[in-house]
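Peer 1: This is what each chain is made of:
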Amino acid sequence: MSYLPATAADRERMLRAIGARSTADLFEDIPACARRTFLALPPALAELEVARLLRELSERNADLDHHPCFLGAGAYWHYVPAVVDHIISRSEFYTSYTPYQPEISQGTLQTIYEFQSLICLLTGMEIANASMYDGASALAEAVIMCANITDRGTVVLASSVHPEYRRVVQTYVQGLSFRLAADPVGPSGSVDPGELARHLTDDVGSVVIQYPNFFGHLEEVDRIADVVHAAGALLIVVVNPIALGLLTPPGEMGADVVVGEGQPLGIPPSFGGPYLGLFATREKFIRQIPGRIVGATTDGQGRRGFVLTFQTREQHIRREKATSNICSNEALCALAATVYLSYMGRHGLRAVAELCLQNAHYLADRVTSVPGFHLAFTGPFFNEFAVRCPIAPAAINARLQKAGIIGGYELGRDYPELADALLLCATEMNRRADMDRLVELLGEMVTEAQTVTAAGEGRTNA
Amino acid sequence: MSYLPATAADRERMLRAIGARSTADLFEDIPACARRTFLALPPALAELEVARLLRELSERNADLDHHPCFLGAGAYWHYVPAVVDHIISRSEFYTSYTPYQPEISQGTLQTIYEFQSLICLLTGMEIANASMYDGASALAEAVIMCANITDRGTVVLASSVHPEYRRVVQTYVQGLSFRLAADPVGPSGSVDPGELARHLTDDVGSVVIQYPNFFGHLEEVDRIADVVHAAGALLIVVVNPIALGLLTPPGEMGADVVVGEGQPLGIPPSFGGPYLGLFATREKFIRQIPGRIVGATTDGQGRRGFVLTFQTREQHIRREKATSNICSNEALCALAATVYLSYMGRHGLRAVAELCLQNAHYLADRVTSVPGFHLAFTGPFFNEFAVRCPIAPAAINARLQKAGIIGGYELGRDYPELADALLLCATEMNRRADMDRLVELLGEMVTEAQTVTAAGEGRTNA
Amino acid sequence: MPEPLIFERSSPGRQAATIPPAEVPTVAVEHVLPERFLRRDLPLPEVSELDVVRHFTRLSQKNACIDTTFYPLGSCTMKYNPKINEDVARLPGFARIHPYQPTEMVQGALQLMYELQEYLAEISGMDAVTLQPAAGAHGELTGMLMIRAYHTERGETGRSRVLIPDSAHGTNPATAKMVGYTVQSIPSDSRGNLDLAALRGAVGPDVAALMITIPSTFGLFDERILEVIGAIHEVGGLVYGDGANMNAMLGQARFGDLGVDVMHFNLHKTFTTPHGGGGPPAGPVAVKAHLAPYLPVPVVARRQAPDGSVEYYLDYDRPRSIGKIRAFYGNFGMLVRAYTYIRSMGAEGLQAVGETAVLNANYLMERLKGAYDLYVDRRCKHEFVLSARRQRRTTGVRALDIAKRLIDYGFHPPTIYFPIVVEEALMIEPTETESIETLDEFAEAMLAIAREAEENPELVKGAPHTTEIGRLDEVAAVRRPNLRWKPS
Amino acid sequence: MPEPLIFERSSPGRQAATIPPAEVPTVAVEHVLPERFLRRDLPLPEVSELDVVRHFTRLSQKNACIDTTFYPLGSCTMKYNPKINEDVARLPGFARIHPYQPTEMVQGALQLMYELQEYLAEISGMDAVTLQPAAGAHGELTGMLMIRAYHTERGETGRSRVLIPDSAHGTNPATAKMVGYTVQSIPSDSRGNLDLAALRGAVGPDVAALMITIPSTFGLFDERILEVIGAIHEVGGLVYGDGANMNAMLGQARFGDLGVDVMHFNLHKTFTTPHGGGGPPAGPVAVKAHLAPYLPVPVVARRQAPDGSVEYYLDYDRPRSIGKIRAFYGNFGMLVRAYTYIRSMGAEGLQAVGETAVLNANYLMERLKGAYDLYVDRRCKHEFVLSARRQRRTTGVRALDIAKRLIDYGFHPPTIYFPIVVEEALMIEPTETESIETLDEFAEAMLAIAREAEENPELVKGAPHTTEIGRLDEVAAVRRPNLRWKPS
Ligand SMILES: Cc1ncc(COP(=O)(O)O)c(C=O)c1O
Ligand SMILES: Cc1ncc(COP(=O)(O)O)c(C=O)c1O
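Chains as they are written, first to last, in the working numbering: chain A, 1 to 462; chain B, 463 to 924; chain C, 925 to 1412; chain D, 1413 to 1900.
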């Protein structure tokens, strides 16, 4: 067996050493009635068979190399520089575990310290942890943290926050005495600070907004922060880190906690995971934050080194008094993001963000040039926008799919009032020709629909 | 620029330090008439563009994952265990060079020592070098070495040796006073030792045979060796290393030099390269062999270590008196083979060789069950065989190509007398269903040809 | 050699990234984004591609890892991570698919997930599986929320207590608390079993659940597991099985057959997905039928398509579900690896894993139990717990010192000071992928250190002696927190 | 830690490989292969997959490499090897194609080769290119065989001498000899140019060729290159240009424009294909039109297909060709990498490479020329040659010692004792991918070593002090050859 080195002779020797007749002896403490050594599983495959099988399975999926894609909605198709995968494929990084032994884990520890530093720079915050599971769970933890800090159990979740994130928050707080307040998002598709102020009763511990929001638009973070802070609550901002290459960071606009999905930073979409929860906040909350933190310190000879620190917040020490139950996190994804941000650098990240912006604006212009398509909301947007369609979004997507194109996100899934809208996204990976093709197909659909309608009307008339 | 760290400021600083006004100053020693800074090349591409371009180019090739392939003829489609590429992708192996500084090159040096050891085991020889460019050039070097050793300038190259290898030998010896003797291969497709004896005049320095030979058959190495040695010549045997998982090694049958193509040992076919020239011989020829050799020795404290040794044979020391001009070799491919052989192990290599044998024999059985197809030669074969066809081989291949199948090697390319023959190969990668499909298509072609003929005859009769 | 921070390598104007020109007609950024939204500066490092590669490659070499070092970190199952798993997870058809693609365009991914759900159910003897939880702890949260939903739906809202053995991993009590429960710790007895009397004393109608790790973090199988589980069920409580230690159970006995109601797997332990320096993990949860309605959405399901073919889909239509536990569907890349592993091993392979993991642990325990105190002297499962209390008392050498000294011998230390109820604990889990030669080498090192502790305790207390950096000042790290690089 | 041989890790019965069952009905092996052809035993190592991985991963860490270390190995152009090149070369459509596939099934590969031929011709100012030679030395052989064929075809079979500067790389004379020529060495003058008078004295009607490296292995551009080349052409000889040092020339001047008749490239130097611990290299050869007929077969060519589309094919119909120089068509995987690099850089990028490589070398030379003797004190190109003769005379410290001491400072040493005409040579090639900070750090180390040589020569002579292993006994390696592991 490929992965098991023990030969029959080795087994014999070990059994003899421990005074057992057979390995079955070693399981005598298991009640006989519960012993079950038969499993109904497919037979073992040789590596070449399993490689073939998995390749075939993978080819039953339509990959983004070969299918133009206009989906964003929380997972983005960005270019992953070759360097990233080469680094995270180093055995020393991916076959080690949590750096409990700093003397032989400085590689992981220093990269986490660099990750924390990069996330602070990006978000404009003071401290960042070593990662959470994903953007949604990072948000849920932030909401819990803010409730603990403020001792207020109500949270205001703007409906312009990713619907899945809101559902995850709901799930997380099921057992806690939390209340979800009404929604301050009006027909503009963004949070109205005035409207928000009206929701901010004194039991509100935190307000959650997304920047850019789920519809791609930019919330007025600074004005919202003022309103939130005036009410004694904390402001949690969910971000897209690529957008922060271009946008004023929430930390400069009054955010108390910044969370987000780090996937765009060098992590492939992979059908939704593994991703990277970002979590950054103010230094004063250091003892309240969930997750691991790495700090710099020195050894006996004054040499700089890095260690896991503030561990007394964590479950392995504080157990039920811990700030969270998180143990394993998304370290390797955090490493990918660290490599990505180092590689992009000061100007590169901005340049990629600009390309996304340019492509998305070109796409919006072109799509809305097709009769019957118009933007659902006004106001500045980054790489996504909601467009109302003259044809059912599901029908559009089905037609695009036939053409090998992955269409937009159907907003009617979550917003009944947007049943006629698609959320379209463009990044640096979207080619002009593909966008033009999309627009051409939309045009064709509209023409056909008109013809059908006309024909139908013709029949009625007859 | 991605790969150039020097900023404008760095350039300034360096220019100032060396007292130059511009980098152009640094090229003043080049005659002005020959200065030319303009190159007509396509514009620079960003990494994401170049990745896309190369992917698109690669997709204009029919890869072996998706196209059943019956080609062998010196390059074989074997499974490369995942471990191999993971190891050779370690930066420390692929971004270092020839291990001139043993203290910081023990990784490369020890693996070469292990490679030499493995090749000796496989071939049954006493010493092996660190690699040659490929099987063909290894053979050419062997022929030259044997001429130097025996001081005899004639070589007998059996026509059952790979035609390209024979052509390469011819090219290599163009400037030397070599004679190529007549061919001892009879209609059996293998070397006839009796016939060979008649060719062995006293100017013959070496005789070259292939095992299994180009037609897949096994030469009678031991009987041939007797004849060759009786004539005072040396026997060079070209091998397929996978076959040696099953076959008696040439070293046990009297070979003086064993060369071969190491590609089957964990190296992808890659359109013909990079491959791996194997070169093994008897210890007494140590000072005559081409290429690098690693030996074990000790440091001042008696610790085992490895060094490049017997370097006085090599061009960098001996210049025109060197045994060969080879400098860079195929080290990383040798590493791949080392990992491959370690991974396969005592029983694994044999098992793979057996699978090849079984598949090839099944294929031969089935193909020759189609009317009009029969084996060109008798005698035992390993994973390849020549089959005479009732339809032109080119027509067969063209038809297979339409079905997405890569047919056999058309022997008429090199052997006019085999113009109706295909060389078919099967390895562990050939699936039974694909072989059956091949046979089915051959059957269809025969039926169609008969119909056409019948129709033609019908017409004639009419 | 010390490696500077990537920021310390920065030089203005350097850039590794290459950026393609826009293919579309561009607009001035300020025209579409108001000034106030445009950030002024972003002081990311400015480095070349070689700087990036060299920096992180050098850093990598400062780590011990499974691929270079025996890594018997108890409770973490640091077994070999097969290379083929890494390759298949990176296939474009797996790595480059968007989670919201129409299901017709991701049938391969859904099939894989569906089959993995089935395999995990079979392996554990449970009825239904969700692959969504991102980690063991996340699986615990998912499972405990389901237990809560179950009781709530039955109107049993008074169930507020969760019983947890004192040997449990910290995530268990932390999770119970996140779900709103109060935690009651149950002691272990001298054989490392749960103290049945104490348990019986603690059960009552307000008990929501028992969270129990099987085998326990002592590496022991509770000899009265059926009674333990029965005691909870009797009072209407449910049993949460922490499956982090499941390696020992593979092909030996199934959680479901023991009576467990809900459990999680750690794919990054039992099913060879790599630990990644701390993650990404994956913690699927399996339940008995009575809890299946509460599984988070979506569940991957199979149905007949209109054309008669089999079709896989995401089932969101589960009204009693606890909801969503994370965005999208789980750490899919890890699921691909675990699936690959299960297909590589087959039933007999997995059974051999369980057997060999336990055999290796017992062998190593046998070799060490003379020199160190054994917490409980009976057959262990996948791991065993030593105590260095003897060393501490006689020589002042602590478990920490022994761990550090092991580094000098070329080994990654075991888990230390856990389980917390064991004084000076050394928790050793060799796994099945290590050879007897490696176990013997490790045993020799441990025995040598036991001798060193007696003969030259300072040598051990001063360890490690062979690393680039010595023991670090953790107190200073908290007193003067330095948690990030700041631009000057 | 010392790592045993993989054989020393072997244990009977272990096996990493998994073998699928045969899908076909099988025959007994002895039925199809006579007994005498069946090998009795094959004592390959018997190890587990983890054994394999751990063994080679540990070994890898015993190497210095570009990705961890500045590696100024003169004449080898150890520049950064872009990661994207590695990825694209592994695409299934490149790595998994058989060389004998019908050309219709490999149009992408042929197009890439065709375009690469064109690019290399443009970069070098030559007329035609073969991509087949596997290495620089192999390219030399190819080129010299073509020169021979050229002379032979013109009936000039009396041309038997090849002139080679004394600074030349060993492959030049070794190649000339393999082609049947006698070698005459031509001295260099005090400015590092070829001694023109000596050259003029040596030329004659029996000269077949001059093999000249441009820039020379002194890192110098011959100031009278046109006269040198003219002198050969005057007597009907041809000029072979060794292009191993071409990095300095990129986008600056072209071999073809200088009058070179035939030359080779080292893709593994100039065009970033990785050195692989010694290879695989790639040494395409470019020629002027008058040598094009002799190019080895096949050449990749382009034509219009019957349907009007462009079609790439392998042209074997070249009756004056020297023949085949290797099996198949060259180190294709390396060609993919070089192509990718050229497309990534574009014309301006390549020009910047030439400029920066030379700038870096001159800067480093400037920093070091006080502490060490400079072989020739004038502007260098991509590299420069120092001599440690001063150190040797005054302190007994040799170039070898300095090299070893550099290891302690964390650097890979430069090339030493080459060019052989330079006493105690240290040949330093920084390349364009290294930053000024790295050059400065290296300069500081070299200056520190120069001081150490004076103040504490034994420190330098005993180096390296920081490696796992010390200087090895090379004499013993030859006296008592141990060239392989033998089963006992
Ligand atoms: C017994 C036990 N339970 C739960 C966990 C938590 O798993 P994870 O780290 O994946 O959240 C662990 C692992 O650390 C564990 O060992
Ligand atoms: C100047 C010079 N010429 C020729 C060669 C030979 O190149 P290769 O090693 O690729 O055969 C080298 C490289 O070692 C060299 O430096």
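Check before you lean on any hint, since a few could be wrong.
[What the hints assert, rightly or not] Cross-link-like lysine to any residue pairs, in silico, SDA-like; alpha carbons within 20 Å at most:
(1) D:1873 to B:764
(2) A:321 to A:89
(3) B:864 to D:1514
(4) B:783 to B:891
(5) D:1898 to D:1603
(6) B:746 to D:1514
These are calculated hints, taken from the structure and not from any lab test.
Computed from a predicted model, the values in this text were never measured in an experiment.
Peer 1: When you check the alpha-carbon spacing of residue 321 (chain A) and residue 89 (chain A), does it fall within 20 Å?
Peer 2: Judged against 20 Å, a Cα distance of about 36 Å means the pair is violated.
Peer 1: Quickly compare the C-alpha distance for residue 746 (chain B) and residue 1514 (chain D) to 20 Å and report which way the hint goes.
Peer 2: violated, 45 Å
Peer 1: Just to be careful, I want the Cα atoms of residue 1898 (chain D) and residue 1603 (chain D) compared with a cutoff of 20 Å; is the pair within it?
Peer 2: Not satisfied, since the Cα-Cα distance of roughly 53 Å exceeds 20 Å.
Peer 1: So if I understand the rule, the pair passes when the alpha-carbon distance is 20 Å or less; does residue 783 (chain B) with residue 891 (chain B) pass?
Peer 2: violated, 45 Å
Peer 1: Tell me if the straight-line CA distance from residue 864 (chain B) to residue 1514 (chain D) falls inside 20 Å.
Peer 2: holds, 11 Å
Peer 1: Is the straight-line distance between the alpha-carbon of residue 1873 (chain D) and that of residue 764 (chain B) 20 Å or less?
Peer 2: Between residue 1873 (chain D) and residue 764 (chain B) the Cα gap is close to 19 Å, so the pair holds against 20 Å.
Consistency with the previously given hints fails for numbers 2, 4, 5 and 6, ordered from lowest to highest.
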